[in-house]
Amino acid sequence: MENLQKLIRYYFNYSVMKDALPFLLKGAVLTIKFSVIAEFFGVIFGLILAIMKISKIKVFKYPSIAYIEFFRGTPLLMQIMFAYYALPYIGINLSGFFAGLLALSLNSAAYIAEIFRAGIESIERGQIEASRSLGMNFFKTMRYIVLPQAFRRVTPPLTNDFIILLKDSSLLSVIAVVELLRAAKEIATWKVNPSTYTAAAFIYLLITLPLSQLVHYLERRYKIVD
Amino acid sequence: MIKVVNLHKKFGNLHVLKGINLKLKKSEVLVIIGPSGSGKSTFLRCLNLLEETTSGEIFIEGIEITKPGVNINKIRQKVGIVFQSFNLFPHLTALGNVSLAPKKVLKMSKKNATDLGKKMLGKVGLSDKIDSFPAQLSGGQKQRVAIARALAMNPDIMLFDEVTSALDPELIKGVLDIMKSLALGGMTMIVVTHEMGFAREAGDRMIFMDDGIIMEENTLEEMFKNPQNPRTKEFLEAIL
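Chains as they are written, first to last, in the working numbering: chain F, 1 to 226; chain L, 1 to 240.
Just chain F, with the same shape it has in the complex (with noise of 0.2 Å):
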C-alpha cells in the first residue's frame, strides 16, 4: 500500500504534471517540427537513393548501397553526437537544432530508401514491360506507371516509419535540444519528481495514436482498391 502511493506520488502526481503541461507541450511542438522536417527530407533523400540503388549502375548503384547500410548499421545516437560534437573540428559549427535536424534526416532517408526500394520493386514487372512497349523511355515509366502505384504502397510502411522517427527524435535530448522528452527531463529535475516522464510519454501516445489508425485506414482503403 506504501508503495502504491509513492509510485503515485513519483510517477503519477497530477500536480507535478499540470504544472509541467505547457513546458512539455513547447517541447511536444519542437519534437514535431523535427519529425516532420526530417521526414520530409528523409523522403526526398531517400527516394533518391532508391532510384540509385535499383539501377543497374555501379557509380550510383554502391554508393547508395553503402549510405544505407551505414546509417542503418550504426545507431542514431552516435550519428546525432557526432553530428553535433565532431562536425566542429572540420569546420562545421551546427547548432543542436541543425545538427540534431541532419543526423535525424540523414538517417531516416537510409530507411525510407529501403521502403521505397521495396515499393518499386513490388510493382509488377507486366507494368514496366507495358509501358515500355508504348514507347515510354525509363524516366517516363517511372514517373507515370512505376511511382505512382508504388507511392500507394509505400504509404502505410512510411507512416509507421514516421512515427519511429517521431519516438527517436527523443535521442535530442542528448545535445541540449529541448524536445518533449528533454522538458520532461528538466522539469523532472527541478520538481525533484519523475511525473513529468509519465506526462510526457502520453503526450507521444496522443501524437502517435491517430497516425497508427491513419496506417490501418490507409492498409484498408488500398486493398478495397487493388
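Bear in mind the hints are in silico, worked out from the structure with no lab data behind them. Incorrect hints may have been included.
[As the list claims (entries may be wrong)] Within a straight-line C-alpha distance of at most 20 Å, the following computed SDA-like cross-link-like pairs (lysine to any residue) qualify:
| id | chain 1 | residue 1 | chain 2 | residue 2 |
| --- | --- | --- | --- | --- |
| 1 | L | Lys118 | L | Leu106 |
| 2 | F | Lys56 | L | Lys107 |
| 3 | L | Lys104 | F | Arg143 |
| 4 | L | Lys107 | F | Asn137 |
| 5 | L | Lys78 | F | Thr141 |
| 6 | L | Lys74 | F | Phe139 |
| 7 | L | Lys123 | L | Asp177 |
| 8 | L | Lys74 | F | Ile128 |
| 9 | L | Lys104 | F | Tyr144 |
| 10 | L | Lys110 | F | Tyr144 |
| 11 | L | Lys107 | F | Thr141 |
| 12 | L | Lys107 | F | Phe139 |
| 13 | F | Lys56 | L | Gly12 |
| 14 | L | Lys107 | F | Phe138 |
| 15 | F | Lys140 | L | Val105 |
| 16 | L | Lys103 | F | Lys56 |
| 17 | F | Lys56 | L | Gly69 |
| 18 | L | Lys74 | F | Ser95 |
| 19 | F | Lys140 | L | Thr93 |
| 20 | L | Lys104 | F | Phe139 |
| 21 | L | Lys104 | F | Glu129 |
[What the hints assert, rightly or not] Here are a few chain F residues that sit away from chain L, every Cβ distance over 12 Å (derived from the structure):
| id | residue |
| --- | --- |
| 22 | Leu77 |
| 23 | Ser133 |
| 24 | Asn137 |
| 25 | Phe138 |
| 26 | Ala176 |
Treat the numbers as computed from the prediction; the structure is a model and nothing was measured. For every residue, glycine included, the Cβ atom is placed at its ideal position computed from N, Cα and C.
Fit chain L to the known structure of chain F by using the hints.
Here is chain L on its own, set in the frame of chain F:
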C-alpha cells in the same frame, strides 16, 4: 514489312530460339501456334525488343532494330503489343490508360489525346466505360482496353500474345471480333493463339513452332488439310 534473319535467343544456358527466319508483308496476318515452351512468346517479345536478342537480325520497315544504339522507344511506338495478362495500369481509368502514351510520348495536347482515347475505346465497344478503373472491368473488357491502348499509338504492326488465354469462354468472342475487324481493316498482325476458329477466319498464314524453330509454315488451309510435319499433325489434332 518485317524480316527476321536467323534469330537466336538464349536465357543463360537455355536456348529458346534456335534460328528463326521469317518474312511478313504489309497487312498480312500471321498466326503462330505451338506447344508451351516452344518459344512463341519469346519470339513475339523479341520483335519489340522486350527481350534482348542473342544473335540474328530483325528488320521492321527496312530498319534493323537489332542494331546496337538504335532508338528502342521509337521502334516500340510502331509495334503494338497486347499481353495475355492485360497489364493495364491499375491507377488510371480506361481513358487514362489509352491516352497516357499519346500524351507523354507523342506529345499530343490533353484534349487531342482525350479525344483519341475516347475514339479508340469506342472502337472496342467501351464508350460507356471510359471512366472505369481496371479493377471495375471484366477480363474481356480489360483486354479490349489493352487493345485500344496499343492502337492509340497508331502502330504499323500489332502483336498479340495469347490474348484470350486468361479469359472466361464467354468473353473471348468480343475480343476476337475486335481482332478480326482489325485484320480486315488491313492491320499487319502477328497472333500467338490457339483459337483456330479465329485463325481460319482472319489468318493469312500460319507457322507451327516447336523447340525454338519454325517446324512448318503454310497457308491456313494447307496447314489444316495436310500438315507435312508429323509434330504439326499431332499438335493440330490435339487442339482441334
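To see whether the hints hold, each was checked on the structure:
no. : hint                : result
1   : L:Lys118 / L:Leu106 : 17 Å, holds
2   : F:Lys56 / L:Lys107  : 29 Å, violated
3   : L:Lys104 / F:Arg143 : 11 Å, holds
4   : L:Lys107 / F:Asn137 : 14 Å, holds
5   : L:Lys78 / F:Thr141  : 18 Å, holds
6   : L:Lys74 / F:Phe139  : 15 Å, holds
7   : L:Lys123 / L:Asp177 : 11 Å, holds
8   : L:Lys74 / F:Ile128  : 17 Å, holds
9   : L:Lys104 / F:Tyr144 : 9 Å, holds
10  : L:Lys110 / F:Tyr144 : 15 Å, holds
11  : L:Lys107 / F:Thr141 : 15 Å, holds
12  : L:Lys107 / F:Phe139 : 15 Å, holds
13  : F:Lys56 / L:Gly12   : 19 Å, holds
14  : L:Lys107 / F:Phe138 : 17 Å, holds
15  : F:Lys140 / L:Val105 : 9 Å, holds
16  : L:Lys103 / F:Lys56  : 28 Å, violated
17  : F:Lys56 / L:Gly69   : 18 Å, holds
18  : L:Lys74 / F:Ser95   : 53 Å, violated
19  : F:Lys140 / L:Thr93  : 18 Å, holds
20  : L:Lys104 / F:Phe139 : 11 Å, holds
21  : L:Lys104 / F:Glu129 : 16 Å, holds
22  : Leu77               : 40 Å, holds
23  : Ser133              : 5 Å, violated
24  : Asn137              : 5 Å, violated
25  : Phe138              : 9 Å, violated
26  : Ala176              : 46 Å, holds
When held up to the earlier numbered hints, the structure conflicts with 2, 16, 18, 23, 24 and 25 and fits the remainder.
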